[in-house]
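Asks: Residues per chain are reported as follows:
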Amino acid sequence: MAGFTHLHTASGFSLRYGASHPERLAERASERGMDALALTDRDTLAGTVRFAKACAKAGVRPLFGADLAVTAPERPQGDASVRRDRRRTPVRGGAFVDESAPRVTFLARDGARGWADLCRLVTAAHARAGGDGAGLPSLPWADNHGDGLTVLLGPVSDVGRALAAGRPDRAVRLLAPWREAYGDALRLEAVWHGRTGTGPGSLRLAARTVGFAAEQRIRPVLSNAVRYADPGQGPVADVLDAARRLVPVDPAKELDSGEAWLRDAGAMLGAAERIVEAAGFRRDVAHRLLEQTRAAAAECLVDPEDDLGMGAVHFPEPRLVGADRRTAQRTLASRAAAGMVLRGYDRSAKARSYWERMHDELDIIAHHGFASYFLTVAQVVDDVREMGIRIAARGSGAGSLVNHLLGIAHADPLEHGLLMERFLSRERVVLPDIDVDVESARRLEVYRAIIGRFGAERVATVAMPETYRVRHAIRDVGAALSMDPAEIDRVAKSFPHIRARDARAALEELPELQALAGEKERYGRLWELVEALDALPRGVAMHPCGVLLSDASLLSRTPVVPTSGEGFPMAQFDKDDVEDLGLLKLDVLGVRMQSAMAHAVAEVERATGERIDLDAVEEGDPATYRLIRSTETLGCFQIESPGQRDLVGRLQPATFHDLVVDISLFRPGPVAADMVRPFIEARHGRAPVRCPHPDLEEALRDTYGVVVFHEQIIDIVAIMTGCGRGEADRVRRGLSDPESQGRIRVWFAQHAAARGYDAETIQRTWEIVEAFGSYGFCKAHAVAFAVPTYQSAWLKAHHPAAFYAGLLTHDPGMYPKRLLLADARRRGVPILPLDVNRSGVAHCIELVSDTADSPGRWGLRLALSDVHGISEAEAARIADGQPYASLLDFWERARPSRPLAGRLAQVGALDAFGANRRDLQLHLTELHRGGRGAGGGQLPLAGGRKTAPAGLPDLTSAERLSAELGVLSMDASRHLMDDHGDFLAELGVVSARRLREARHGETVLVAGAKAATQTPPIRSGKRVVFSTLDDGTGLVDLAFFEDSHDACAHTVFHSWLLLVRGVVQRRGPRSLSVVGSAAWNLAELLEVRREEGLEGVAARLAAPGGAPDAGADDGDGPARSRLAGSDGLPAPAGSAARDAGEQRRLRMPTGYEMHPWADLRPAGEGPAVGRKLWHQSPGSAG
Amino acid sequence: MTILCVRFQLPPAREAALPALLGLLEEFTPVVEALPPDGALADLRGAERYFGRDAVELASVIRVRALALHGVDCVIGAGPGPLTARTALRVALPGVTCAVPEGEVREFLAGQPVTALPGVGTATARTLCEYGLDTLGRVAAAPLSTLQRLVGAKAGRELHEKANGVDRGRVVPNSVSRSLAAERRFERDELDSDRHRRALLSAAGELGVRLRAAGKVCGALTLTVRYAGPRSRTGPSGGSPASTTRSRTLKEPTAHSAALTGTAYGLYETLGLQRARVRAVALRAEALGPAEQASHQLTFDPADEKVRRIEEVADRVRAKFGPDAVKPGTLAA
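Those protein sequence lines, which keep their order, are chains C and L.
Following this note's numbering, the numbering of the first sequence begins with 1 at its first residue and continues without gaps.
Following this note's numbering, the numbering of the second sequence begins with 1 at its first residue and continues without gaps.
Just so you know, these hints were derived from the structure itself, not from any lab.
C-beta atoms are modelled at their ideal positions from N, C-alpha and C, and glycine is treated no differently.
The reader is advised that the hints may include incorrect statements.
[To be verified] Ranges of calculated distance between the beta carbons of each label pair, as one might list FRET restraints:
#	chain 1	residue 1	chain 2	residue 2	range
1	C	Glu1091	L	Ser60	25 to 31 Å
2	C	Asp954	L	Glu161	56 to 62 Å
3	L	Lys327	C	Glu566	56 to 62 Å
4	C	Asp954	L	Glu102	33 to 39 Å
5	L	Val56	C	Ala486	36 to 42 Å
6	C	Ser973	L	Lys154	49 to 55 Å
7	C	Gly981	L	Glu102	42 to 48 Å
8	L	Val56	C	His1054	41 to 47 Å
9	C	Gly280	L	Lys327	42 to 48 Å
10	L	Arg170	C	Ala885	50 to 56 Å
[As the list claims (entries may be wrong)] Where chain L lies over chain C, by a calculated footprint (3+ residues, C-beta under 8 Å):
#	region
11	921-928
12	948-960
Okay, chain L solo, but in the shape it has when bound (with noise of 0.2 Å):
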């Protein structure tokens, strides 16, 4: 019982408020692992004995800090392992802790349906329901090879494993959050391209803008475009808008705004669309790295330099006069 799986109820647009709230949970345990876009693991083994609280004491002075500090709600599951903590924050609500002690996990675990566990995704729930396997008790019970037949070899032993509350996993720390994201909504259904683009645009500055500033670079680029339009039907409550998501790695990693912009438009041109309504385009650093130790490929074209430059001094700039001091020229009209 001494694993935390702790969800902040970020809106979608704050998603970019994580590390902050990473940070909070640092100040309980070195050992954080990170769930972007919004959760995160804790390991709570030695912060017990030190401030002196059990694990669900210490969730409460968590949630009270995140309220406190950020503004933000938190719902936390605990159990004696990640996998258990994770299962248990499904159950959990706003306010209440839920905590499985050590022997109740099978018995915890049987009354869940199949997707509160980890990895199994809508596919394999989707498998596992139709065989009328839609709770773990039912998995447990289902002889192992017959799991095996359903989902595969590896991924049905795992599964058999988890169902009976085997937990292998253990919570590994990555440190620093591994991902940065910036989302820009529509007023309105939006098809003009242009407009995509300028939205594209203004996340990738934006994104550059807070890399440079922390001194990091990103190694991949994700896209995601989200639609008006009929729902996705798996999910909680009716499921969110459809969306699109596409990621793509940097050839080199930068935090260089216009190698960021480059990338989101050749991700968003893969996506040719024309008639889809597009409400928020949202874009996500990810593979975080310290800046001094990337690499850049020099080049004869001074022009690459030049503009590197000018965002040097583009960002001493905006150190001085604000955020909004300087923009691109397409963005200011």
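Only chain C is shown next, with the shape it has when bound in the complex (with noise of 0.2 Å):
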């Protein structure tokens, strides 16, 4: 007989509640020798491009629905039976999670009309649940129809609750506005899941269902309402339906049967005949039902390619875009003109040159017909240009002068030798692809722009779904089965960021886990369900980025669905789907940076009346490259990892093309495949420039011969071969793939050999490009991120003060404030405290006029909107009011909030108005009491307009220190570590600042505040753990090696503050690190310095766990250097210390390996901020 077709199967993008992949269900249908399957997520068709996709490879025809809950019809007045009392609310653990509505199952059966009707249904329940996620989606009675839909009415519809609830008249009340809207479509969907009793899944209520729709001619189906691929995965059923629910699983009420997996046609058939049977019917009326449901899926078709419409392409309509006259192609050349002449192309001395490459990138884009692509993007520049935004290309379109010729892209491609082939070609046949930043603080202005100009009918942006990781799944799990929220929560961060699969790997064989893993048996099923939660999306959020632009047709193409909070629309597909949907994604990325520098220009231009271009600033500036040459680069775009720190030290950058250089060279591919050091070496002359012919030698010289770009494998490749750039992309997009390769070599080889090149230089070239030509990065893309990078350096450089006003109030980068505001501190820029008279909502720079002799000095000057807990408003009404006389005068006229008045006065941002912090605090109360009784706030004064001391105790140092922990984040007034030195000094810590003279090799002990922890892909396979350390003179790059890792990686993990014994190695003049083989928690020494005196640190650093034997004796030293290259990685060698992570490495297909748990967001929480730096003395306020 033939295969059985499930027609109500959820995979897990129905969230918390499917719990198998879609490419699983359609691997499984195929193997139980099913023909045809359908996907009917609840409230979602997220999972379609990949369930078409998997249905594709498995050889199963796919069917799309949808599940949706739906709001009954409105009914007069009388009919009470659904109304209820109004529940209490509850003084704690919330309310009930709503999941009484009915839910009923549509399929798309006509095509592309079938298609475009379950868009509108699912964008249509989605519109009326709000942006705010308040209620869940349910589709209006109103909008419940489309000629193109079969409808079930399964056991949860109204129609099934009444046969449930025994009431077959209310049913066929229930039945008639269904008929109405959908007539002939309409199905009965009987499901048994052996259940007692007659609620939804019993035997009975299937044999009522089957019965009642006999009598009401309806025709039934058969379903199994599949919610996992596989039996046995009923308790991750459960632990979904608790997430979902949010409660515990009660294992004493109804749990999931188990029954609701992808049964086979025999099972189904099986069911069938019970059903008949308690029905009433002969046996063999089974297959009767089963013909209907065979019969309800053939209807069904809807053809992935046609009707989804994967791989057409959408654009704008071209009226949209400035062309509504001519054609988009003849719009577009001549706004390409007029940017040459704008530009002054035409009458420079290679104008020949621009022309020729103007036309042919035209040819190319009319070739293509992606002439109104070209320019949407321009228009939405030209519009957020328009706003006042920074904006700029990224990515392979920088490459395209017509990119630049339209104001897209800043770089002149022809200065720079950027190729448009990496871009877009006549072989390429693919959506090109153009990328733009804009200023972080004010990317959703540029949403509602772009939606603005299109329409919201041609405007989305993208989803992104959010799947199950570690951490989450062991809460989600953890609360499920009823465990202590305390210990769920330790449990679940000492985990790093891995997937979920891998948690028992995990227990295994991270050392941090050790002491976890020993009593991981008393947790039971846990990890067993953690893994089984695995990748499965848990809730959706807007991509950062990608917005889509269509035409007018985009709502009927896709289901669109308000994001929470702005309420934006957001297409539920997610970057990949809507590429293979053919719809055109444009990424607006915000960068933090762009907004850091508008502010820093904004200042000088506030504060000096001195207007920056930063896009003009001449090139080549001494000073910029000083400060870069110097590795101080901390808060510059791009080069602010201690990575990249020790890169830009050995490099020594002295122009633009070196930067560009810099940042191509700093990428995985890059350092795994030891393209570093030649580079380096050739360039400081130590190792000859490799050119295999003179042919190359343009393409070559200006990076030693060492391919660090994309565009030079192009070029050589066109050049030894002839074949074109566009065919040499093609070719260079091959060989990364092992497979390709090896057809690539003979190709090349024979073509080149035809140009008449010997075997020898072919040979060579081969070597060149085979080492390096999947790992170059695109030149476009380096030049694009470079132009950032000298802004923001020549920013640090000339104006330090508005820089780091800028950093702080936008917060790019990888460091926490508090590091950057120790970084301006060592560069001279005075910190000035926050004051309500003078701080701004954001950080701004003031003239520190106090130093004669060095007149013009700025100052910066902490801004309020840093305040722990403060509002936007408050901020802005604090500032708008300024200047205060009296605190009276602040409270009455700002109107602070009590809590925030408090942090305020902690902070000293009220010491202007006399008495201490804590005398300002009690005034501060009974103002707030006065206020909120019947007026007569009487403040004692004392001196004119000074608040009267109150004999409090004040704040002593470190709880100043505390409280601007505890308040701004930051240790604004010092350095944290400064409390410290006493201790250090009897430790014998080495300061950063000394550290530099330290030797190669010297076994010194360091201490400081946890800025960054990462462990990167490392091209031996090992996991090292890198981490910088600030002590207040400088920072700190600390590397942990494998041998280390027991010993010390818990703690480095899972503490703020560290003292750490390690290794000195140095690579160059401005380049060292320090190899850590023991780490202490520096926290916990203080405290037991402070209680129990040296002798109980001494006993502290006896214990075992903090150090391990001897891991850090002088003979290790030199021989550590050697292992570590000269990248500051280590070498493949790899040191004796074997583990069971050696088997599990990853191999790439490029044969680098790969450790499995490198690359991870590491345990614990992050870097340190705030007041976790500080030890909570109890006299400071909570």
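Bring the two chains, given one by one in their own frames, into a single complex with the hints.
Replies: See the structure below:
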């Protein structure tokens, strides 16, 4: 017999409902002999594309549908059966999630029309729920119609419920409106999950449904309401139910039956027989039930290619982008030509090459018919620029002259040798991709502008499913299993951010989880269930940059839901899906550095009246490059990470091109392929420049014979084989695949030989192509990146105070704010404390006039917005009301909330009003009380407007620092390590500044606040923990290799203040790091020192666990330094340490190995911010 | 140094054992003030002469007896007044009595955190700490007027006196324990209101039986619901799991199980719990008094009369066949 078709199947995209991925379902359906399978996720079509692709692979015909809650039609008053009493608001725990709405399955039947109807229904259901997430999505009755749909009324529909309640009369009444709306397309769905009683899944309800269908002359179908692919996944479904309803699993209640899996045809026939017998029919009627099901499936004909629009492209209508009279192509050509004239290229010496390049590009664009795409992007860029928002193109699009002429990209591609072919060529048939960077703070404004320009029916943001990873999985499973919340938290936080399915493997292998592994039996089924949740979507967020631009048919091709919060329209598909669906996506990335620079420029203008045009800053500024070469590049775009500072130190960039190279080299690929060392050697003249043939000299000269850019590979291949750059780009793409690499090699040798190159040249060239080909970086990207890098470094060199003001306001980069503040202090920028009479909403600069010897010295005034818990309105009110004459004046006009006023007093923002900070607190409280009561808040005054003291003890210096950390998350008045100087001196800790003079191989103690910790992928496949400490005098970069992990990893991940013993590694005049061998939690040691004295500290240091046996004797230093490659990363020759991870090493297709746990966000809670750095003194306010 | 403050280390489930332990103290002195749920103040002024030992020695005797008779360890603080004794209790460890001699009260108090002072709750402590008055020494040093501005006129004056070691309190004997408690725990996070009610029914039934057995009636009922959830931030050792407490005064003092159950249900309903993860419910009968002094409103409804008579019979059955011999149908299932 033919296979059964499941018409009602939920995948993991049904948030916290389905337990299997769509791929798994398609696979299983094929294995179990089914020809077709429907995907009907709850409230979403997000799984559609993945499902369609998986079905194509598995050879199963996909059916598309959705399972939606439906709001009952409005009834005349009188039918009070559904009215309920309002329940009392719970004092704790919140209300139950209301899932009482009846749910119905809709299947798209008539091709594109059916799909459009389905999209419309899903959109309508979500529109009602509103963007605030208050209600669950539910389809209003008014929208409940669609000619191209088949509707299944199952056990949880209103009709099914009436039948379950034994009210066929009511079922008849409820059926009427459905019949009216869908007529013949209505089906009754019988489900048997082996439950008892008459509820959903019971045999009696299934039989009643079939009987009722016969009576009402509506065709019945059989389904299994599938939630998971395989038997035995019931407990996972229970956990998902619990997570959705926000309650624990209750074994005494009805659990999942365990039957809702993708049962094969035989089992479904068995079920059909039981049901029809129970309904009082003969057994062979079962075949008719199955026949009806089959017929319903056969009607649903939606073709993924034709009807979903996969593979087709939809650009906004040309008239919307300024091409209403002429064709888009003509418009584009004339605008490009105008750009030539505007930029003066037509009058330059190379005018001819510019014109040729332009016409070539226009031909390619015309060939693909992408003209309106370019016009669309240009329109967006123009609109954004008009709003005064900084915008810059990034990505390969920067290689196109047309983009440059339209004003999309800054850099002149001819000048920098960027190729159009890397972006778009005749041979490439994928959608071109232009990304634009805008100021992050104004990104949403940009979105609104785009929506305003093209209309909500053409624009949508892209969804980004959040999937279960180990921490969330542990939290949800733990809560479902009634684990103690504190314990759940502890277990979850001990894990690094890894995949859920690796939970048990990680327990076995990661040193920092050893303690937890010891007690893992205690948690019973937890681990198994955690792993079962792996990668299931648990929520949907708006993708941070993708914007869909389409023609007016967008809403009939994709379901659009409002995002929570902003209420932007958001397509339910993720970024990969939209590409498959042929929707045009423009990536609008919010870049905080752009915001920071905009703020810095605005500050300079506000304070000095000087207008800086960053885009016109003179190139090759010596002070800027001096700053970059000094590696004090904290806060500079792209070159602030420890690895980059190291690389910059060795590379010593002197020109813009050097920056471009530097950015290109610091990528996982180049680092892994060891392109860094030969480059540095050649640059400093320690190694000869390699060039296999004079023809290639032009392509390779700039990078000393090392291939750094994609563009160079394209050039080399094009020159050697004469195949043209478009083809060469295709070849380049093939290089990363080992299989096609072999073919390309033969092809390359043949063509190059045909062009008359000798065998040795071919061989040597091929070696270069092979070694670097797949790793190079797109030069267009690098040029686009290097522009803000240079601009930010320029700002740091010339307007440091404004630069830091911008950084602190928009918080870009990888380091916590307090580290930037420490950097500012080190670079001599005066930090001015928070003051309600002077501070603005954002950080600003102020002339520090009291230093007569250096006039025009600018200081950084801290911002109100950094005060913990301040609202935008409050900050604005305080700033608007300045200046304030007295505390009372401040209280009355700025109207801060009581806690906010208290915090301001704590950090000294009210010091100008007299009295000490605690006395001010008391006055504030009384003002607050006075305001609440019947007026009469008389403030005791002493000496005019000053506030009278009340005799309370003032904050001690330590308390002040603690308050700053607590309120501002920054140690504003001094560095937090300053207070521990005595103890650090006792220990003989070397400060970061003194470390610069340390010998290579010396064993030192370093200490500081942890700033950033990473475990990046390393070529050798080892797991190396990199961390940065900040001790007030500078930064110390640390590396921990695998042999020290057992002893150190936990401490490093879970402490804020660290004391580390290690060996100095020196690789250049400005390049230095410490290889750690032992680590202690400094906060703990400080506590011990305070309470037990040095003896206690000695006892702590002597204890095992802190340090391993003899990790860092002097003999180890040089050996280790040889192991560590000159690129600052360990060389492939492994150390002696072997571990279980070795077997699980991931081998990349290109041959380099990766440690399975590398490249994770490590355990713990990220870098230390705020009060965590400080012991909480009992005297400080909460 | 004649006042002892004793805290028995009772697990929450055994709160009901307090009356017996108070009896133990009463063997030494009649002046015993119960501090429910697990503590007591005892004035040993007379006992010192009678037993010929000083208060610290007597404290050891009490500890030994409590351990021997009841298997319950206790923590004891001793001082010249109730205030000092209670403050001393905070620093005392099991097995070591913390005694504060007469002349050293001020010095002792100065080093204590403000929360050590009885009457200073979390709210007051938070206020004081916010202003840097985190130890009693600092409180004592602060001007009276400032203290009064901080916590109010009366409370400020009291705080000022107490922090300076002026102890006006005395031990007020409250002959018997004033409350009885019954607690029901759940195996897992329980959300089901039927099961909550069942637990309440069982606990109220137990209270009724115990009250009637002791010949008492209670005037008020307190319901405490403990949740699995984030622990409250205050309190020693991370605090206890969060809980909600509600009290209600009964219409008339009673030991009638049905009346207690009805009140318990009423208290429970006011919480309106839906998704709260309940780990335990506890009922406490308070304002206990002798049954013979209780009044009872008669009604014309014969049902009430019948229920009471059945209860009487059930009590007798229990007396004969054990506490589990008779129970409500819901609980028997």
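Asks: Work down the list of hints and note, for each, if the structure agrees.
Replies: Evaluation of the provided hints:
For C/Glu1091 and L/Ser60, the Cβ-Cβ distance of about 30 Å falls inside the hinted range of 25 to 31 Å, so the restraint holds. C/Asp954 and L/Glu161 have their C-beta atoms about 25 Å apart, which leaves the hinted 56 to 62 Å range violated. Between L/Lys327 and C/Glu566 the Cβ separation comes to about 58 Å, which falls inside the hinted range of 56 to 62 Å. Range check, C/Asp954 to L/Glu102: about 35 Å between beta-carbon atoms, so the 33 to 39 Å window is met.
Remark: the range hint 36 to 42 Å for L/Val56 to C/Ala486 is upheld by a beta-carbon distance near 38 Å. Taking 49 to 55 Å as the suggested C-beta distance range, the pair C/Ser973 and L/Lys154 does not conform, at roughly 40 Å. Between C/Gly981 and L/Glu102 the beta carbons are some 45 Å apart, a value that agrees with the proposed interval 42 to 48 Å. At about 44 Å, the beta-carbon gap between L/Val56 and C/His1054 stays in the expected band of 41 to 47 Å.
Between C/Gly280 and L/Lys327, the C-beta spacing of about 45 Å keeps the proposed range 42 to 48 Å intact. For the pair L/Arg170 and C/Ala885, the beta carbons lie near 53 Å from each other, so the given range of 50 to 56 Å is met. Coverage of a stretch by a chain is defined here by at least three residues with a beta carbon nearer than 8 Å to that chain's beta carbons; for the region 921-928 of chain C and chain L the count is 4, and the condition holds. For the region 948-960 of chain C, the stated coverage by chain L holds: 7 residues have a C-beta nearer than 8 Å to a C-beta of that chain, and at least 3 were required.
Hint compliance for this structure: hints 2 and 6 are not met, and every other hint is.
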